[in-house]
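K.L.:
Taking the hints into account, I'd like the entire structure generated from these sequences.
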Amino acid sequence: MTLHSKILPEANRREVLASVSAAGLTLAFTVAPKANAQTAGVGALNAFVRVAPDGMVTIMAKNPEVGQGIKTMLPMLIAEELDVPWEKVRVEQADNDPKAFGRQFAGGSMATPLHWDELRRVGAVARAMLIQAAATAWNCGPADCATDSGNVIHKPSGKKRTYGSLALACANITPPDPKSLTLKDAKAYRIIGKATPQYDVAKIVTGAPLFGIDVQRPGMLYATYAKAGVFGAKVASADLEAAKTVKGVRKAFVVEGDPNGLFPAGQLGQGLLPGVAVVADTWWAAKKGRDKLKVKWADHPTSSQSTKGFAEQAAQLHAGKPQKNARNDGDVDAALKGAAKTVEAAYAYPFISHATLEPQNCTAEFKDGKLEIWAPTQNPEPGRQLTARTLGIKPEDITIHMIRGGGGFGRRLANDYMVEAAWIARETGAPVKLLWTREDDMAHDQYRPGGFHFLKGGVDAQGNLIALQDHFVTYQVGQGVAPSAGMAANEYPAGFVPNVRYDTSMIPIGIPTGPLRAPGSNALAFVFQSFIDEMAHAAGQDPLAFQLKLLGDKDVVGNPPSRYGAGRMRAVLTAVGEMSGWADRGKLPKGEGLGVAHYYSHQGYFAEVAHVAVATDGAVKVKKVWVACDVGSTIINPHGAINQVQGSVLDGLSAALHQSITIENGAVKERNFTDYRLLRMSESCPVEVKFLKTDFPPTGLGEPALPPAIPALANAIFAASGKRVRSLPITKDMLKA
Amino acid sequence: MAYTLNVNGKALSADVDGDTPLLWTLRDTLGIVGPKYGCGVSACGACTVHIDGQPMRSCSIPTGAVGAAKVTTIEAMAADPVGKKVQQAWMDLDVAQCGYCQPGQIMSATALLAKTPKPTDAQIDAAMSGNICRCATYVRIRAAIKRASGQKEA
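Chains as they are written, first to last, in the working numbering: chain A, 1 to 737; chain B, 1 to 154.
Calculated directly from the structure, the hints in this document are not laboratory data. On a predicted model such as this, the values are computed, not experimentally measured, just so you know. Take these hints with a grain of salt, some might be off.
Stated by the list, open to error - Every beta carbon over 10 Å from chain A, so not counted as near; a handful from chain B, in silico:
1. 9
2. 16
3. 21
4. 36
5. 53
6. 91
7. 97
8. 116
9. 120
10. 130
11. 149
As the list claims (entries may be wrong) - Straight-line distance between alpha carbons at most 27 Å, and here's what the computed BS3-like set of lysine-lysine pairs gives:
12. A:308 to A:337
13. A:621 to B:146
14. A:294 to A:234
15. A:690 to B:10
16. A:624 to B:10
17. A:88 to B:152
18. A:693 to A:194
19. B:85 to A:456
20. A:194 to B:10
21. A:160 to A:184
22. A:194 to A:690
23. B:84 to A:690
24. A:623 to B:118
25. B:10 to A:621
26. A:234 to A:669
27. B:146 to A:623
28. B:85 to A:194
29. A:308 to A:693
30. A:308 to A:244
31. B:85 to A:621
32. A:624 to A:669
33. A:194 to B:70
34. A:623 to B:152
35. A:308 to A:99
36. B:70 to A:203
37. A:623 to A:723
38. A:690 to B:152
39. B:146 to A:194
40. A:99 to A:244
A virtual CB, placed ideally from N, CA and C, is assigned to each residue, including glycine.
P.N.:
If you want it as structure tokens, here you go:
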């Protein structure tokens, strides 16, 4: 059973997908009964479903869980079509096993579109097999049978058989072609669409061991791993003996690392970089030992790089001719010349870190040539390949257990912690749990790349946006654009403005970059949606009306794969205007304002309005955010869906108000949550969410609510204070009256 | 040296250096892993425990300084009348996303409600702003505190 997903061409998401799915966008898994799984009277209907004699159904959660709720949501799809009550479902986290489960990853908000049809069919196949088993027992045709809540019913007589009594008989039944089965009508859903708490909710609130950091193995030791602040710098010297004097320290050793570890081919994030490992009886002893190492790092060319230097290079590149043209529609120069009004603006945003609250960690055990790994990873199979290649062992000799991650946001698409743990465990000859310090975690990320945009726009006398020009200065690694630092040639509003020119220049860097929640979009939405707001004000128009007009009157603009549902966007924009009382914004007190923005990413259409107050000292208080969105026909689990949208919006505010990674002498300056701040309760605000249901297949919610939150905030700040935010993060100084 | 700690009503012995933060004694020596490591510098609240009923950051308390104080962790909250209510509200509203910070959030919320049974929004802000939720589930954390305290949720 395979699936070919319709993917939209967002450059950075493609990158995520290419890395997780080398074989293309295909999910392939088996629906045949699992051989030799008929143990203890439990019938395995396929890789995903087992039924016990008492009727308890075990459903495998195929994808890694990092807080997106997938361990609950994907099994809900199977349970619905299998027709079992959710109370009788036991969810079990699958190991990394692409042969059984297809690709297993958490990225690109892809789980919903990739599995919506397929996993319902997995449930339907299992149900059809149970019906067949009952029909055989009753000597009737399957058409005489129905199901209800874990039972097969013989319609003519009303006789019942429980699934538990039929499961073993399914071993001899050939599963039907999944595509041949008719799925339930949405009106008959009992599980899909019902707000369902996370399967592990009781464990979460009682502090039960759940996370990578909680993994325990018999005889396990603990490790820290010290790496250079300058990415990829080698160890010149280290006082290993001093580390070994600490009570509880067992080993201290230098790891040469993989020469290609900084930018390993075909991988997101880093591989095995040089460093010093300290292994001890407890993690605190390992950390104390590490603090005594006095490591000296070898010189490295990246040490000449800095945030300040990048800004200087960007200004120089802007002053010269752009290196590359990505799009040129109409005649931008002529249109700007003839425009009634023009605006020129430079936008910039910083590198930011994922800062998952659970620092990177991994537990590994190397025994008899085989490696067993317990990893909070979003992307296990590439981790297995990376680890196999780096350690020189076969991928099939590596087993990966996917452990719940304390936040992902794209950080755990990389597997640097995995290959480090594997290496250290093999060197140590005992099970080892590697845990990074917070400072390690902040200094060794694949960061959301910063960027610079030099924009010009023009409106005509009727207030139509007629010209837009962007010179995007971004970053380069090797011959290409740095990971997640690209921009698609169809970036909105291209295709909606008659004269558009998108140019690009690049600055070479040695700082690792990569996808962070809504990669690309999380920065580009700020730039383009803020600049469109600037153009609306330049034209003297209501920003929301200006945005609606710019979207035009067609329902769909562009052809696959870059179709843009302009009608869907107009609908959410109109809805968010109504929700937020946009028309009455003139009644707000002085110093308060509403800002609107919209953005399409990850196949979701999102429009958001922020309400802010800006004090005369420049302090910003976000009072509320409204979200109207269209992610298709069905919200599979409203609990998780609303939580993702609210969290994404506040995550966007957190980035906009606080976050910036500074590079000095080639290394990250920020160390901890004291100088890299995250949004706190007192800065949080209500987030009202409305899902507009449409006839399109449902799509994902892990990311698309984030991008428009930032420009909605920036545009609200302008409405409240008259100060235009053109660089992030937003500081008090920028907004002082 | 060996320290005897009063943790969740039990006397537990841990042979650690006195400078070992309580968090690591709990996690690595005593196997009590509900308190989480997030920052090591009292900046995130993931390691919050109660010391004689006060919410404290266990990452920054040396084991040698605990003495006879009563240490209570998330593992004991089900047996605490206020803690139990808070946990139930967290489950009812499905507060968590990744869940990593939530033991610390629940410890801070329980300490708040033990002292202030009907907290205002400002009191919630003051008591909870030491606990970072990277997934930013703050809307639901606030609602769950209101629910546990019998107040209107929004």
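K.L.:
State for each hint whether it applies.
P.N.:
Results for each hint:
Its beta-carbon lying about 16 Å from the closest one in chain A, residue 9 of chain B satisfies the requirement of being farther than 10 Å from that chain. Once the 10 Å rule is applied to beta carbons, residue 16 of chain B is inconsistent with being away from chain A; the minimum gap is 7 Å. With 10 Å as the threshold on Cβ separation, the claim that residue 21 of chain B sits away from chain A is violated: the shortest Cβ distance comes to roughly 7 Å. For residue 36 of chain B, the non-interface assignment is contradicted: its Cβ lies about 7 Å from the closest Cβ of chain A, within the 10 Å cut-off.
The Cβ of residue 53 of chain B lies farther than 10 Å from every Cβ of chain A, with a closest approach of about 18 Å, so its non-interface assignment holds. Not every CB of chain A is more than 10 Å from the CB of residue 91 of chain B (nearest about 5 Å), against its label as outside the interface. Residue 97 of chain B, annotated as away from the interface, has a beta carbon of chain A within 10 Å; the closest lies near 4 Å. The beta carbon of residue 116 of chain B sits about 15 Å from the closest Cβ of chain A, which is more than 10 Å, so the claim that it is off the interface holds.
No Cβ of chain A comes within 10 Å of the Cβ of residue 120 of chain B; the nearest lies about 13 Å off, and the non-interface call holds. A beta-carbon of chain A comes within 10 Å of the beta-carbon of residue 130 of chain B; the shortest separation is about 8 Å. Consistency note on residue 149 of chain B: stated as away from chain A, and its beta-carbon is indeed over 10 Å from all of that chain's, at 15 Å minimum. Restraint check for residue 308 of chain A and residue 337 of chain A: not satisfied, since their Cα atoms lie roughly 34 Å apart, outside the 27 Å limit.
Distance hint between residue 621 of chain A and residue 146 of chain B is fulfilled; the C-alpha atoms sit about 22 Å from each other, no more than 27 Å. Taking the CA atoms of residue 294 of chain A and residue 234 of chain A, the gap is near 14 Å; set against the 27 Å cutoff, the hint holds. For the hint linking residue 690 of chain A to residue 10 of chain B, the alpha-carbon distance of about 49 Å lies beyond 27 Å, and the restraint is violated. Between the alpha carbons of residue 624 of chain A and residue 10 of chain B the distance comes to roughly 46 Å, so the proposed pair goes past 27 Å and is violated.
In summary, the hint linking residue 88 of chain A to residue 152 of chain B is not supported, as the alpha carbons are separated by about 33 Å, beyond the 27 Å threshold. Only pairs whose Cα atoms come within 27 Å are accepted, and residue 693 of chain A paired with residue 194 of chain A is accepted, the gap being roughly 15 Å. A hinted pair counts as satisfied when its Cα atoms are at most 27 Å apart, and residue 85 of chain B with residue 456 of chain A does not qualify at roughly 57 Å. A distance of roughly 42 Å separates the Cα atoms of residue 194 of chain A and residue 10 of chain B; the hinted pair therefore is violated under the 27 Å criterion.
For the given pair, residue 160 of chain A sits about 21 Å from residue 184 of chain A by alpha-carbon distance, which is consistent with the 27 Å threshold. With a CA separation close to 16 Å, the supplied pair residue 194 of chain A and residue 690 of chain A stays within the 27 Å bound. As the CA atoms of residue 84 of chain B and residue 690 of chain A are separated by approximately 32 Å, the hinted pair breaks the 27 Å bound. Taking the CA atoms of residue 623 of chain A and residue 118 of chain B, the gap is about 23 Å. The hint holds against a cut of 27 Å.
As the CA atoms of residue 10 of chain B and residue 621 of chain A are separated by approximately 46 Å, the hinted pair breaks the 27 Å bound. Restraint check: the Cα-Cα separation between residue 234 of chain A and residue 669 of chain A comes to about 19 Å, which is no more than 27 Å; the hinted pair holds. Our distance criterion of 27 Å between C-alpha atoms is met by residue 146 of chain B and residue 623 of chain A, whose separation comes to about 19 Å. The hinted pair formed by residue 85 of chain B and residue 194 of chain A meets the criterion: a straight-line CA distance of about 24 Å does not exceed 27 Å.
For a cut-off of 27 Å, the pair hint linking residue 308 of chain A to residue 693 of chain A is broken: about 47 Å separates their Cα positions. About 40 Å separates the Cα atoms of residue 308 of chain A and residue 244 of chain A, which puts this hinted pair outside 27 Å; it is violated. Only pairs whose Cα atoms come within 27 Å are accepted, and residue 85 of chain B paired with residue 621 of chain A is rejected, the gap being roughly 31 Å. The straight-line distance between the Cα atoms of residue 624 of chain A and residue 669 of chain A is roughly 33 Å, outside the 27 Å bound, and the hint therefore fails.
Of the supplied pair hints, the one linking residue 194 of chain A and residue 70 of chain B is violated, its CA atoms being roughly 42 Å apart against a limit of 27 Å. Only pairs whose Cα atoms come within 27 Å are accepted, and residue 623 of chain A paired with residue 152 of chain B is accepted, the gap being roughly 19 Å. At roughly 48 Å between alpha-carbon atoms, residue 308 of chain A and residue 99 of chain A are farther apart than 27 Å, so this suggested pair is violated. Proximity of residue 70 of chain B to residue 203 of chain A is assessed by CA-CA distance (about 24 Å); at most 27 Å being required, the pair is judged to hold.
Only pairs whose Cα atoms come within 27 Å are accepted, and residue 623 of chain A paired with residue 723 of chain A is accepted, the gap being roughly 18 Å. For the hint linking residue 690 of chain A to residue 152 of chain B, the alpha-carbon distance of about 21 Å falls within 27 Å, and the restraint holds. At roughly 24 Å between alpha-carbon atoms, residue 146 of chain B and residue 194 of chain A fall within 27 Å of each other, so this suggested pair holds. For the hint pairing residue 99 of chain A with residue 244 of chain A, the CA-to-CA distance comes to about 44 Å; that exceeds 27 Å, so the pair is violated.
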